[in-house]
Every structure is written in C-alpha cells, then in structure tokens.
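Novice: So the protein lines, in turn, are chains A and B. Going by the working numbering, the first residue of the first sequence is number 1, and it counts up by one from there. Going by the working numbering, the first residue of the second sequence is number 368, and it counts up by one from there.
Honestly, the hints are just simulated from the structure, not real lab data. We treat Cβ as the ideally placed atom computed from N, Cα and C, and that holds for glycine. Wrong hints could be hidden among the right ones.
As the list claims (entries may be wrong) - Stretches of chain B that chain A covers, calculated by requiring three or more beta carbons in the stretch to come under 8 Å of a beta carbon on chain A:
1) 394–406
2) 444–456
3) 505–517
4) 540–554
5) 629–639
Said to hold, decoys possible - If you only want the chain A side, here are some residues facing chain B, beta carbon under 10 Å, derived:
6) Q159
7) P162
8) M163
9) I166
10) E172
11) G175
12) T207
13) D232
14) I235
15) A236
16) I273
17) T278
18) F283
19) R315
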Amino acid sequence: MAENKLDWQTGEQSNGGAPLSLDNVHVAYATRRGKVRAVRGVTLDLHAGESLALIGESGSGKSTLGLAIVRLLPETAETSPGVITYRRNGREVDVLRLKPNELREFRWSECAMVFQAALNAFNPVLKVWAQALDTAKAHGWHDKDAIRRRLVELLEFVQLDPMRVIDAYPHELSGGMRQRVLLALSLLLNPQVLILDEPTTALDIITQRTIIKLLRELKEEQHFTMIFISHDLAIAAELADRVATMYAGRIVELGASDDIFYRPRHPYTLGLIRAVPTVTGGFEQLFSIPGSPPDLVNLPGGCKFHPRCAFATDRCKQEEPELEEVGPGHTAACWHWHEVEAELKRNPLHRGVLTLTDVLDVDVEVA
Amino acid sequence: MVPIIEVRNLTRKFGKGKETVTAVDSVSFAIEPGETVCLVGESGCGKSTTGRMVAGLLEATSGEVLFEGKNIKQLDSAAFRRYRQSVQIIHQDPYSSLNPTQTIRDIITAPLLRHNKVKNRAAAEARALEILEVVDLTPARDVIAKYPHQLSGGQRQRVAVARALTVDPKFIVADEAVSMVDVSIRVSILTMLARLKKEFDVTFLFITHDLALAKYFAWEGRITVMYLGRIVEDGPTQRLITDPRHPYTQALLSAVPEADPELAQHKRQIELRSAEIPSLLNLPPGCTFHPRCPYFVPGQCDAAAPPLEPLDVGGRVACPVRRQERVSLLV
Numbered sequence: 001m002a003e004n005k006l007d008w009q010t011g012e013q014s015n016g017g018a019p020l021s022l023d024n025v026h027v028a029y030a031t032r033r034g035k036v037r038a039v040r041g042v043t044l045d046l047h048a049g050e051s052l053a054l055i056g057e058s059g060s061g062k063s064t065l066g067l068a069i070v071r072l073l074p075e076t077a078e079t080s081p082g083v084i085t086y087r088r089n090g091r092e093v094d095v096l097r098l099k100p101n102e103l104r105e106f107r108w109s110e111c112a113m114v115f116q117a118a119l120n121a122f123n124p125v126l127k128v129w130a131q132a133l134d135t136a137k138a139h140g141w142h143d144k145d146a147i148r149r150r151l152v153e154l155l156e157f158v159q160l161d162p163m164r165v166i167d168a169y170p171h172e173l174s175g176g177m178r179q180r181v182l183l184a185l186s187l188l189l190n191p192q193v194l195i196l197d198e199p200t201t202a203l204d205i206i207t208q209r210t211i212i213k214l215l216r217e218l219k220e221e222q223h224f225t226m227i228f229i230s231h232d233l234a235i236a237a238e239l240a241d242r243v244a245t246m247y248a249g250r251i252v253e254l255g256a257s258d259d260i261f262y263r264p265r266h267p268y269t270l271g272l273i274r275a276v277p278t279v280t281g282g283f284e285q286l287f288s289i290p291g292s293p294p295d296l297v298n299l300p301g302g303c304k305f306h307p308r309c310a311f312a313t314d315r316c317k318q319e320e321p322e323l324e325e326v327g328p329g330h331t332a333a334c335w336h337w338h339e340v341e342a343e344l345k346r347n348p349l350h351r352g353v354l355t356l357t358d359v360l361d362v363d364v365e366v367a
Numbered sequence: 368m369v370p371i372i373e374v375r376n377l378t379r380k381f382g383k384g385k386e387t388v389t390a391v392d393s394v395s396f397a398i399e400p401g402e403t404v405c406l407v408g409e410s411g412c413g414k415s416t417t418g419r420m421v422a423g424l425l426e427a428t429s430g431e432v433l434f435e436g437k438n439i440k441q442l443d444s445a446a447f448r449r450y451r452q453s454v455q456i457i458h459q460d461p462y463s464s465l466n467p468t469q470t471i472r473d474i475i476t477a478p479l480l481r482h483n484k485v486k487n488r489a490a491a492e493a494r495a496l497e498i499l500e501v502v503d504l505t506p507a508r509d510v511i512a513k514y515p516h517q518l519s520g521g522q523r524q525r526v527a528v529a530r531a532l533t534v535d536p537k538f539i540v541a542d543e544a545v546s547m548v549d550v551s552i553r554v555s556i557l558t559m560l561a562r563l564k565k566e567f568d569v570t571f572l573f574i575t576h577d578l579a580l581a582k583y584f585a586w587e588g589r590i591t592v593m594y595l596g597r598i599v600e601d602g603p604t605q606r607l608i609t610d611p612r613h614p615y616t617q618a619l620l621s622a623v624p625e626a627d628p629e630l631a632q633h634k635r636q637i638e639l640r641s642a643e644i645p646s647l648l649n650l651p652p653g654c655t656f657h658p659r660c661p662y663f664v665p666g667q668c669d670a671a672a673p674p675l676e677p678l679d680v681g682g683r684v685a686c687p688v689r690r691q692e693r694v695s696l697l698v
C-alpha cells in the first residue's frame with residue numbers, strides 16, 4: 001500500500017471535476033470589540049492542475065481562507081455558512097464537516113499547506129528525518145525504508161543534498177533551505193492540492209528565485225494543483241495561471257493572470273498594479289491607493305473599497321456589488337468596471353515585454 | 368562641492384577571535400548634497416551596518432565617516448551635536464521605533480524642546496502640527512493626540528519621519544523604511560520622502576533589499592550594490608539597472624520576481640554555481656562572489672579581492688573579468 005502512494009501523482013485528477021470547490025465560505029471571529037468578519041462569501045472552483053494566486057494586503061482574508069481550507073483556524077472561528085468540497089478519485093467530502101480522524105487523513109495526504117519558512121513551522125527538537133517519519137507514521141506508513149527513499153527523492157527534487165539535510169535540525173538550515181525542506185515535506189504524502197502561504201516572503205532575492213524555479217517545475221512538469229497566498233503581486237505574475245484579488249474578506253476580481261495584470265477591471269486590482277514597480281524597464285510613475293484597509297469589525301456599507309476608490313458613486317456606498325462577468329473567464333465585483341476599462345484606454349499600463357523595446361535599448365528576442 | 372557624507376575605507380567587525388565577523392569591509396563612497404543614493408543588497412551584506420555608522424549610531428572599527436568634509440571623530444562637541452542633528456535615521460519597523468506609552472504629541476515635541484528648536488510648549492505644539500502636515504498626517508489636530516497603536520503601519524512610519532524632521536536634518540538614512548508597509552501605501556510614503564528631498568533639501572541614503580523600489584526612488588540618483596560587506600558595483604541608477612556589469616548585480620537583477628507575467632517569462636535566468644551565500648565567519652578568498660559566479664576564472668578570482676574601478680559608462684565595478692561585458696537581462 002505504501003508503495004503506490006510513493007509515486008508522483010499521475011493523471012488521477014483528470015477523471016473528476018474541480019479538486020476543490022468553495023461555496024459561499026465565511027469565516028468570522030468573535031472578539032471583545034465585536035465580530036471580525038475575515039472572509040465573507042467566497043465562491044471559487046480550483047481546477048485540476050492549475051495554480052491560483054490569492055493576492056491582497058494584510059487583513060484581506062487571504063491567509064484565513066487558506067487556513068480554512070485545511071481547517072487550521074482557531075476554535076473560536078465560525079465557518080458557517082459555507083461549504084468546501086474536496087474531490088479525489090470520484091469521492092467527495094465536505095471539508096468543514098470532517099470528523100477529527102478524517103481531518104487528520106485529509107490534511108497533508110490530500111491537501112498540504114506550506115507555511116512561511118519561519119523556524120516555528122518545524123518542531124525544533126526533531127531532525128528533518130524524524131519530522132518526516134512522524135508525519136508518515138501518523139498517516140499509516142510503516143515501511144521505514146520506503147519513507148526514507150521517498151524523502152531522499154523529494155530532497156533531491158528541491159535541490160538539497162539529502163545526506164547533509166536529512167540529519168540536520170531546523171536551526172542548522174538557512175532560510176532558503178528550510179523553505180525547500182518544508183516544500184519536500186509537504187509533498188511527502190503525495191497530496192493532490194498544495195497551499196503555499198507567502199512561500200518566498202522573508203527570503204533573499206536569489207533564494208526566492210530558486211524557490212520560484214522549483215514551484216514552476218511542480219506546476220509545469222508535475223502539474224500540481226496549487227494555491228499561492230501572497231501580498232506580493234510578483235509571485236502571482238511569476239507562478240499563477242489564475243489570480244484572485246481579495247479585499248476585506250471577499251474576492252473582488254478573478255481571472256487569468258494576463259487579464260488581471262493587463263486588463264484589470266476592479267479599481268483595487270488596478271490600484272495594486274499601479275503601486276508596484278518592476279525592476280526591468282523604464283521609469284513608470286506609480287500611484288498609491290489613498291486611505292488604509294478597512295476595520296474588519298466595522299466594515300463600511302456597500303462596496304468595502306468605496307472609501308478609497310476614485311470611481312465610487314452613491315450607489316457604491318449603498319449596495320455591495322457581486323462578481324459579474326467582465327470577459328471570458330474573468331469576473332469583477334464593481335459597479336463601475338466599464339469606467340475602469342475606459343480609464344485604462346486613456347492611461348494604459350506600460351507593461352509587457354513589447355512595450356519595453358520602445359523604452360529601453362535592449363535586445364529582446366521574443367521566444 | 369564638498370560631499371555631505373563621505374566614508375573612507377569604512378570597516379566594522381563584530382565579535383572577537385575566531386568568531387570575528389567583518390560586516391563591512393573597506394567601504395568608500397561620497398554623497399553630494401541633493402543626491403539620492405540607494406544602498407542595496409541581500410541580508411547580511413552590511414548595508415544596515417553601513418547606514419548605522421553613517422548616522423553615528425555605531426562606531427567604525429577602522430576607516431572614517433566624514434560629515435561636510437570633516438571626520439566625525441575629530442569634531443568638537445558643538446560640531447558633533449550639529450552632525451548628530453543633521454543626520455537622522457528612519458528605521459524599518461514603525462511598531463518598535465515609537466514609544467507605545469507616548470502620544471504623537473510627546474514623540475514630536477520632545478526633540479523640538481530638547482534641542483531648543485522652539486521657545487515654549489505652545490510653540491512646540493504649533494511646530495509639531497506643521498510637521499505632521501508636511502508628512503501628510505492630516506488632520507494633524509486629531510493625529511497629535513493619538514497613541515502609536517491607534518495608527519496604521521503607514522501612519523506610524525510617517526510619524527517616524529516627522530520625528531526625524533523636528534531637528535531640521537540635512538541627511539536622512541532611511542533603512543528599509545517602507546518594507547513593512549502595505550504595497551498600496553508604500554508609494555505614497557516614497558512620494559512624501561521625495562518631496563522632502565525637494566522642499567527641504569534633504570539628501571537621502573535609502574537602504575533596501577528591494578531593487579525595484581531602489582530603481583523607483585533613485586531613478587535620477589545612484590545605486591550602490593553590496594555583497595558580503597563590500598561594494599561590488601555602483602553607478603547612476605539608469606545605467607546600473609539596464610547595463611549591470613558585476614555578475615552579482617546581474618544575478619540579483621535577473622532573480623528579482625517581476626509583477627508582470629510577460630516580463631517574468633522573458634527574464635534571463637542566470638545559473639549560479641552555488642545557491643548558498645557563504646558564511647561571514649568563513650569568507651572565500653579573493654572575490655567573495657567567486658564560489659557562486661558563473662564567470663569564475665581560477666587563479667584570478669580566488670587570488671586577490673578585485674578593486675572597485677571606474678567604468679566608462681559611469682560608476683565603479685569590482686570585477687576585472689566582466690567589466691566590459693554587456694549582458695541583456697531579457698531573452
């Protein structure tokens with residue numbers, strides 16, 4: 001039994017629908033100040049083999065949503081209404097209603113989460129090998145040699161020297177090595193879905209690049225289904241097939257990566273893109289979004305972005321818009337998305353490689 | 368013109384005996400009044416240590432810091448006080464750099480009164496309100512009565528800037544000043560700093576690990592790249608970003624993730640010979656980048672540390688092997 005689990009996942013996900021479907025998911029916390037509404041009504045299908053980026057600022061609900069999918073929220077969190085459906089091999093479960101023993105089985109072997117590579121993602125007194133062994137045993141693997149072979153294979157995949165790392169304690173590893181070990185451990189039980197929370201934050205630039213390369217390989221060669229959670233738009237641009245922008249607990253725009261970066265229709269997405277510089281290319285004037293993110297206990301009425309939005313009208317103060325189709329496979333929750341489109345015609349984003357050839361005297365050979 | 372800040376062979380070691388670490392190794396540069404200089408590099412490259420020495424918060428092990436042409440160690444007490452007031456530092460973390468038990472009023476008026484910038488409390492209050500307006504903390508009358516915890520991260524960082532402005536600085540060291548601020552707000556703080564540059568003739572040393580931010584902030588200025596305690600390359604921003612000459616600068620620029628899917632696809636991938644940064648405790652001989660450098664020349668690069676030499680296209684580079692080679696960062 002252990003043997004077949006050791007294989008890289010094959011085409012098994014192609015037979016069913018989306019591995020993960022979120023339907024009207026809510027997460028709220030009761031606090032002394034009142035109810036913190038961290039996630040409000042998120043509906044989303046994660047397709048097999050796709051990588052989806054959840055982007056947004058602190059307090060947008062992106063990490064809470066990730067934790068909700070693997071049921072790692074604190075006990076005080078309320079998660080109703082909402083259904084999270086997980087599918088594999090024709091079987092379907094509601095994650096939010098799994099019993100503790102089923103939940104243990106679900107986490108890691110079905111859906112694994114990779115946290116920011118802080119030391120506290122590890123047990124500090126266990127060597128890498130012992131962490132892997134504990135995990136595998138807890139999921140019913142007993143063939144030590146097979147577990148070791150699997151771990152060595154995965155450590156090699158993440159370009160670490162297994163002999164050096166396998167008997168190391170977490171504190172003996174650099175930040176980049178720790179992130180790669182976490183990635184290897186997350187793949188240990190051959191999960192179908194991988195959730196990565198800020199996978200490159202707090203790492204040095206060159207180390208970030210090695211992690212991005214690895215994740216690209218997972219995506220392009222192993223066709224892993226992945227969710228990236230990041231405040232960094234660049235991670236989405238580098239790795240995602242689709243991007244969801246979150247604001248005040250909601251998805252406010254969802255579309256293919258190119259749609260989000262070159263044809264954004266929600267003023268918040270547009271604001272984020274105009275606030276972030278690229279290093280390659282000429283000088284582009286950047287703009288910040290006025291104001292600050294809303295208080296989740298005391299959310300403004302109507303569209304939660306209206307106090308910061310240049311397009312806001314009276315309607316935005318009263319009625320909260322739902323996601324509506326603004327293009328093929330592209331939705332945005334804004335009453336004024338046509339005006340955002342018009343604004344982009346007036347003031348285009350200077351993005352993409354082709355615009356660069358005008359700005360810079362560089363040789364661009366478009367592949 | 369006399370540089371407002373110059374450092375010569377600035378070196379800082381930490382620890383002793385076998386455990387000695389050279390965080391900054393013989394760094395020399397000069398900054399003219401009105402210039403904007405960004406110091407970039409990865410963690411452990413010595414950029415913050417350099418900034419702290421420039422601001423007088425840390426003593427150099429050897430080498431000199433010159434303020435308006437004079438070695439700060441040889442200043443008399445009045446001149447030293449003037450230097451300490453003229454050179455201010457803004458730290459990365461606005462959550463720990465402000466005293467949580469003080470109101471914004473206390474935080475801003477204390478240095479005004481302490482350094483006799485105003486005659487009395489009423490004048491201090493008036494001046495504090497003015498400064499809060501300058502850093503766009505409006506309405507200033509509301510903000511002044513608040514405690515730091517009542518403000519957002521971006522607002523706190525503005526308070527830190529306001530505090531630095533109380534003593535009429537000529538030079539500000541901004542050490543990762545916007546790294547902890549949400550992306551949507553970052554630009555407004557940079558714009559505010561750029562305005563101070565113009566309106567108050569403040570010269571900036573902007574320290575960051577984020578090359579895209581450095582490019583944006585110092586587009587008309589210069590960038591200095593540090594690696595393991597040494598400067599490997601510097602030069603006018605526009606040249607350094609488009610035509611980097613040091614293999615490390617090229618590796619850094621090619622590694623930066625880009626917030627643009629097409630750019631991300633078309634960036635050149637530079638393969639380093641090793642992904643790991645050497646430990647400062649055990650630095651490689653010669654050029655410290657040689658164990659990772661794709662252009663490593665045995666016998667040359669591992670023999671002696673290459674000197675920082677001027678380039679015809681502007682700036683300096685510490686790589687005799689690749690100094691003349693242009694490398695396109697896009698493919």
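Novice: Run every hint past the structure and note whether it holds.
Specialist: Here is how each hint holds up against the structure:
1. 394–406: With 0 residues close enough to chain A, the hint is violated.
2. 444–456: This one is violated; 0 residues, fewer than the three required, reach chain A with a Cβ under 8 Å.
3. 505–517: Coverage by chain A is violated for the segment 505–517 of chain B (0 residues, Cβ < 8 Å).
4. 540–554: holds (count 6)
5. 629–639: It holds, with 8 qualifying residues against the three required.
6. Q159: Nearest chain B Cβ about 7 Å off; hint holds.
7. P162: This interface hint is violated because 16 Å lies over the 10 Å limit.
8. M163: Where the cut-off is 10 Å and the nearest Cβ of chain B is about 15 Å from A/M163, the hint is violated.
9. I166: Since chain B brings no Cβ nearer than about 17 Å to A/I166, farther than 10 Å, the hint is violated.
10. E172: violated (12 Å)
11. G175: holds (9 Å)
12. T207: Status holds, d = 7 Å.
13. D232: holds (7 Å)
14. I235: A/I235 check passes; min Cβ-Cβ to chain B is 6 Å, inside 10 Å.
15. A236: This hint holds: A/A236 lies near chain B, its Cβ roughly 8 Å from the closest one there, short of 10 Å.
16. I273: holds (7 Å)
17. T278: Hint on A/T278: holds, closest Cβ of chain B at ~5 Å, below 10 Å.
18. F283: holds (5 Å)
19. R315: violated (23 Å)
The structure is inconsistent with the numbered hints 1, 2, 3, 7, 8, 9, 10, 19, although it conforms to all the rest.
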